[in-house]
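A.B. asks: Sequence:
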Amino acid sequence: TTGVLCLVFSPHAPLLAEGYRFTTIDYPDSKWTELHGINAKGTIVGYYADSAGVQRAFRLRNRVFETLAIPEQPDAQLVHARGINARGDIVFNVDDRDGNSHGYLLSDGRFQRIEPPGAMVTILEEVNNAGDIIGSWFDQDFNRTHFIRKGRKFHTLEFPPDTGGVFRAHRTKEVCWSGI
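Take the sequence shown: its letters are residues 104 to 283, numbered as in my numbering.
Hints in this document: simulated from the structure, not taken from any laboratory.
Think of the CB as a built atom: it goes at the ideal place given N, C-alpha and C, for glycine as much as any other residue.
Pairwise CB distance ranges, derived in the manner of DEER restraints:
{"hint": "1", "residue 1": "180", "residue 2": "246", "range": "23 to 31 Å"}
{"hint": "2", "residue 1": "180", "residue 2": "132", "range": "15 to 23 Å"}
{"hint": "3", "residue 1": "145", "residue 2": "244", "range": "37 to 45 Å"}
{"hint": "4", "residue 1": "223", "residue 2": "256", "range": "16 to 24 Å"}
{"hint": "5", "residue 1": "175", "residue 2": "254", "range": "16 to 24 Å"}
Turn these sequences into a full structure, and let the hints steer you where they fit.
C.D. replies: As structure tokens, this is what we get:
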């Protein structure tokens, strides 16, 4: 497995923002809003806390907010939209009513559960334009394994110990991860 470490450290970060316009995005009537992905069409995904503190996923498309709920998990207390690709496929992390974390993919209007065999906890991070999904999973002993799912097959990604988690997979077969 080939990987590329992407790190950006700059004391001049404010200079990089020159010429850009920043916009505040808040889901209506939410306690807070967190953005996690944007595609080339400008569709944004993320999550917000409603007035009861339940964390719900959303899509912002053409300036219209839409809450995204997982039909199989109607009582979920946490639904996070984590990434979106050019086709509009979205990956989610969902905590069920028992606090177990699961991964889901929304593609062509259908939700599909994405979990490697043996996973007790699944965390999805991104779906790229090729449809590859990256994330990590934990077994019953809470050992963490990073993966990329190509087609319907899971491939383990090996990284140096204690270097954080995988967060992007590019079509060029480069994988970026964050470090501690």
